[in-house]
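Peer 1: For the protein sequence lines, the chains are A and B, in the order given.
Taking our numbering, the leading residue of the first sequence gets 7, the next gets one more, and so forth.
Taking our numbering, the leading residue of the second sequence gets 7, the next gets one more, and so forth.
It should be emphasised that the hints constitute simulated quantities derived from the structure, not laboratory data.
Honestly, I wouldn't trust all of these hints.
You can't tell identical chains apart in this list, so a pair holds if it fits in one copy or across any two.
As the list claims (entries may be wrong) - Mimicking DSBU-like on lysine-lysine, the simulated pairs with C-alpha atoms at most 30 angstroms apart in a straight line are:
| hint | residue 1 | residue 2 |
| --- | --- | --- |
| 1 | 152 | 185 |
| 2 | 185 | 160 |
| 3 | 119 | 24 |
| 4 | 209 | 185 |
| 5 | 105 | 62 |
| 6 | 62 | 160 |
| 7 | 62 | 152 |
| 8 | 121 | 105 |
| 9 | 207 | 185 |
| 10 | 152 | 121 |
2 protein chains.
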Amino acid sequence: MLQVVIIGSGNVAQHLIKAFLQSAHIQLVQAVARHPEQLSHLLPADQITSSFIDIKQADIYILSVTDSAIAQVSAQLPFTGRLVVHTSGSTGIEVLDNKNRRGVFYPLQTFSKNKDLDFSTVPLCLESEDVSDYTTLYTLATALSKSVYSISSKQRRALHVAAVFVNNFTNHMYFQGNKVCNEHNIPFEILQPLIQETAAKIKSLAPVQAQTGPAIRHDQQTINRHLEFITDRNQNAIYTLLTQSIQETT
Amino acid sequence: MLQVVIIGSGNVAQHLIKAFLQSAHIQLVQAVARHPEQLSHLLPADQITSSFIDIKQADIYILSVTDSAIAQVSAQLPFTGRLVVHTSGSTGIEVLDNKNRRGVFYPLQTFSKNKDLDFSTVPLCLESEDVSDYTTLYTLATALSKSVYSISSKQRRALHVAAVFVNNFTNHMYFQGNKVCNEHNIPFEILQPLIQETAAKIKSLAPVQAQTGPAIRHDQQTINRHLEFITDRNQNAIYTLLTQSIQETT
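With the sequences and hints as input, model every part of the structure.
Peer 2: Spelled out as structure tokens, the structure:
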């Protein structure tokens with residue numbers, strides 16, 4: 007049974023703790039948090055500490071803290087030679103202090119505070135400096151998820167950029183659609199089936215095959231009519247740029 | 007039982023024909039198509055005609071042709087005073103020739119040739135000039151779908167713009183994410199759970215609440231690192247503009 011200590015109390019840390027507690031192959035030894043009360047709904051008090059000197063022995067230490075705190079927190083750990091991993095998509099493995107064996111355990115998903123998630127479908131992106139550490143990480147990962155990948159720091163950087171496009175920017179497209187609806191007294195729910203089908207399509211079609219609409223059809227009349235209709239400056243700039251990008255690249 | 011004639015053989019027309027054939031409350035009298043062979047897998051030959059003079063009597067004539075052909079085709083119909091509707095999101099009701107009673111029957115969904123769709127969840131946006139025609143359209147719509155809306159031409163124009171954002175432009179975000187993956191030998195499937203969860207979130211959260219990522223966090227260090235990483239000109243412009251738009255509007 008793999009013994010795990012998790013350091014952090016944010017969104018990702020909490021989802022990981024829940025997943026660890028549900029696994030028969032993982033023993034969550036301890037959680038380390040500056041504010042233990044943030045985890046009190048998940049763990050008994052004696053399993054949480056705010057003091058680094060009380061950190062217990064484990065096979066893996068998972069640092070799930072803000073990207074900018076990874077270097078500092080990893081340097082403060084009161085031990086050396088153990089396996090320490092971070093969970094960040096946009097941070098290289100080398101940011102971890104090299105007094106310990108380093109690795110990455112990056113769950114590629116968007117985590118919401120109040121929405122439970124089936125962890126078995128979350129892609130886990132693993133990296134380590136040492137082959138035997140990779141085996142340990144792989145054992146941990148496969149205990150949680152069916153979807154496990156070996157991803158280098160450079161690939162992970164690319165993946166994080168790709169995730170910004172398909173998640174952050176897609177959500178902003180939903181925001182703009184919602185804004186248009188609000189301004190014309192149309193319930194946003196009317197767009198829900200279209201949003202869901204757009205995502206569902208991409209399971210079986212490549213994005214280049216799934217592309218529809220006035221831009222890809224080079225339907226300049228409809229494009230002009232839309233641009234006349236859009237008065238918002240940001241919406242106008244987005245419409246113009248994305249129409250051009252669709253026409254140039256797909 | 008409502009009697010319907012459909013004019014057109016494209017994607018939307020074919021999905022409508024399938025839905026009509028499945029409804030116990032609608033009698034599809036005839037389909038009119040310049041190329042009858044495009045519908046031969048759906049209907050027997052005697053139910054399809056390519057000649058306007060053979061068009062039969064019906065309660066509703068549904069014009070499901072290219073936007074730019076609506077005016078001309080509606081003018082060519084060899085009868086007057088009947089209910090004729092188009093299915094276009096971006097075309098006003100007044101584009102139909104006024105020798106007949108005019109209406110709109112706009113299914114707000116993305117239709118793929120080779121992917122069947124549950125029509126009962128497709129929002130149908132109705133408009134008519136006459137109250138009793140609205141009742142007829144409403145009877146037709148509720149026979150197909152649980153989701154029926156009264157939408158004016160101006161609202162429909164807004165809705166079509168909103169649909170471009172949440173469908174066409176979202177798909178282009180998937181395209182860009184796919185491109186980044188391809189360039190770094192990462193299987194695109196790794197992004198699928200994120201794409202599906204991004205769409206699923208929006209069922210219970212408003213887009214402004216669901217927004218995450220470096221832009222909304224004003225995490226300039228990550229934004230700069232991403233922009234250094236992105237070499238593609240279109241991707242760079244999109245990343246910059248959408249980051250700015252997220253920061254200004256949400």
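Peer 1: Which numbered hints are broken by the structure, listed smallest first?
Peer 2: Those not satisfied are hints 6, 8.
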